[in-house]
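Taking the hints into account, I'd like the entire structure generated from these sequences.
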Amino acid sequence: MTPALLIILGVILASGAVGVVAGRRVPMNLENWAVGGRKFGVIVIWLLMAGEVYTTFTFLGASGWAYSKGAPTYYILIYGTLAYTLSFFILPEIWKIGKREGLHTQPDFFAYVFKSRWLGVLVAVIGILSLLPYLQLQLAGLGMIVEVASDGAVSSTAAILLAFLLTSAFVLTSGLHGSAWVSVIKDILMLTAVGIVGFGIPRIHFGSIGRMFQALIEKAPDHLVLPGASPAQGVPWVMSTVLLTGMGFYMWPQLFGTAFSAKNDRIIRRNAIIMPLYQIPIVLIFFVGFTAFLILPGLSNGDLSLLSLVRETYPSWFVGFVGAAGAVTAMVPASVLVLTAAALLAKNIYRAGFRPQASDHEVMRVSRWMVFFVSAAALVFALLLPNALVNLLLIGYDGVAQFFPGVVLGLSWKRVTRTGVAAGLISGLAVAAFLVFGKHDPVFGLNAGFVALAVNAAVTVAVSLAKRPAAEPAR
Amino acid sequence: MRPGMKKALACGAVPFLALVAALPFINRLRPTVLGLPFVLFWILAWVALTPVFLFLADRFLRKSDGKDENR
Numbered sequence: 001m002t003p004a005l006l007i008i009l010g011v012i013l014a015s016g017a018v019g020v021v022a023g024r025r026v027p028m029n030l031e032n033w034a035v036g037g038r039k040f041g042v043i044v045i046w047l048l049m050a051g052e053v054y055t056t057f058t059f060l061g062a063s064g065w066a067y068s069k070g071a072p073t074y075y076i077l078i079y080g081t082l083a084y085t086l087s088f089f090i091l092p093e094i095w096k097i098g099k100r101e102g103l104h105t106q107p108d109f110f111a112y113v114f115k116s117r118w119l120g121v122l123v124a125v126i127g128i129l130s131l132l133p134y135l136q137l138q139l140a141g142l143g144m145i146v147e148v149a150s151d152g153a154v155s156s157t158a159a160i161l162l163a164f165l166l167t168s169a170f171v172l173t174s175g176l177h178g179s180a181w182v183s184v185i186k187d188i189l190m191l192t193a194v195g196i197v198g199f200g201i202p203r204i205h206f207g208s209i210g211r212m213f214q215a216l217i218e219k220a221p222d223h224l225v226l227p228g229a230s231p232a233q234g235v236p237w238v239m240s241t242v243l244l245t246g247m248g249f250y251m252w253p254q255l256f257g258t259a260f261s262a263k264n265d266r267i268i269r270r271n272a273i274i275m276p277l278y279q280i281p282i283v284l285i286f287f288v289g290f291t292a293f294l295i296l297p298g299l300s301n302g303d304l305s306l307l308s309l310v311r312e313t314y315p316s317w318f319v320g321f322v323g324a325a326g327a328v329t330a331m332v333p334a335s336v337l338v339l340t341a342a343a344l345l346a347k348n349i350y351r352a353g354f355r356p357q358a359s360d361h362e363v364m365r366v367s368r369w370m371v372f373f374v375s376a377a378a379l380v381f382a383l384l385l386p387n388a389l390v391n392l393l394l395i396g397y398d399g400v401a402q403f404f405p406g407v408v409l410g411l412s413w414k415r416v417t418r419t420g421v422a423a424g425l426i427s428g429l430a431v432a433a434f435l436v437f438g439k440h441d442p443v444f445g446l447n448a449g450f451v452a453l454a455v456n457a458a459v460t461v462a463v464s465l466a467k468r469p470a471a472e473p474a475r
Numbered sequence: 001m002r003p004g005m006k007k008a009l010a011c012g013a014v015p016f017l018a019l020v021a022a023l024p025f026i027n028r029l030r031p032t033v034l035g036l037p038f039v040l041f042w043i044l045a046w047v048a049l050t051p052v053f054l055f056l057a058d059r060f061l062r063k064s065d066g067k068d069e070n071r
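Those protein sequences? They're chains A and B, same order as listed. Under the numbering used here, the residues of the first sequence are numbered 1 to 475, in order. Under the numbering used here, the residues of the second sequence are numbered 1 to 71, in order.
You can trust all of the hints, since none of them are fake.
Capping the alpha-carbon separation at 20 Å, the derived lysine to aspartate or glutamate pairs in EDC-like fashion look like this:
(1) A:K263 / B:D65
(2) B:K63 / A:E93
(3) B:K63 / A:D265
(4) B:K6 / A:E93
(5) A:K96 / B:D65
(6) B:K6 / B:D65
(7) A:K263 / B:D58
(8) A:K96 / B:D58
(9) A:K96 / A:E31
Partial pick of chain B residues on the chain A-facing surface, computed with a CB cut under 8 Å:
(10) P37
(11) I43
(12) L54
(13) A57
Derived CB-CB ranges, DEER-like:
(14) B:K7 / A:W413: 17 to 25 Å
(15) B:L49 / A:L299: 31 to 39 Å
(16) B:K7 / A:K39: 29 to 37 Å
(17) B:S64 / A:R100: 15 to 23 Å
In short, the hints are calculated from the structure, not lab data. Ideal Cβ positions, reconstructed from N, Cα and C, are used throughout, including at glycine.
As structure tokens, then:
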């Protein structure tokens, strides 16, 4: 067994074990399982949110875009920062309602605020359809990283099976506590790997980061300013995309749900203040992608540029370390995605749709079965039908972002109605689907999802205003 | 609106002005700063400055909380 293989397998097994042990001293009821008993302090919340936010896409996509598109990749740095700024104002209000009413999930929030069980079911269905392809993407990324980093010694399929079975196991035993503790391993490994690679690679090949940029400016100055190598993704595209993804960010059901796990609203605010600093390491990943653009031109798949360059530059044991960091980077978000999808299915579709009389105890039991079901579905899609969910993935962000007007207006505007929110949500989704699947994205230089979001907001407000204020029951 | 919220929202608007509204004006290569293309330096600087503005927003909110109730 090579050192690289040993490191990869060791980290995956250790992460699984830590996740399983994390929940051993906590009695597993719905409250502890889904929202960590609402007891997480500022450090755990930070680890968990950072753990969820930095996914395999951060590793592969940010460097891949820097490599193949150039400047449009900067949007990744911007949208997270906007999302944290928005979360500073919105998440504490969501937390307060969640605490007061004992909410566990995003559909719970919609169902409570708009007094509509069926709006909750609709939100749950949209949420699950958006989560599943995202989960599959994490698994595919995991397989790719481990296969490349182990030099083919561990096949993509074997890596996915091993890492994901362990992930499902700790979701089952420990719920959100498991994800939080595995995040500790993940954040340390990932930041170490990114730090070494991001500073090291430009230095090793060009002497310094500044000289790398000098070389790039001489060779391809246009690559570094918008629209880079991607004419459709100029300034208006970046502006509309960062607004869309910034607003959509915490509308992902798994991130929205993390807000409920905090001990109090102060913790959420403090977390929002420091989170933008966690964006800064992304710039190091850009450096690697830019260096690859100079050193390894002509790769067919830009997403492999980081791994290819790491292999080119470092000894094989270190490549194994990067692979291990990449694997656990997929495990944490995957665990929260599985947990969230299972909770949505059990609480917001099974109970809200079919069995209103089910107790929390029964919902917990069903949630655990749903973990099996969701995990099996994700494996089938990842291993057997890798292309089945591609369309859903294309529209995933555009889809969850459509929750934003309902959440913000629900918190701040007394006249907003459930009919307005449902109408806005459906018209936003319809516009997004029409534009994206009709290959009209970007549309007039703007991100199609942003256009859909504007339509959604307008419809929500218009339909809400059409109803006389007195007719709306007091909330 | 609770007191202090207006000031807090004004602080929260700053990253949006710097990172979205300003984008058409700062999309340039030169001058390079610390070796970085200007546009990348600008974005990075404002990402790093955002916590300062959120910290100020938090102070405005807490000040008004302190007047309303003892937390």
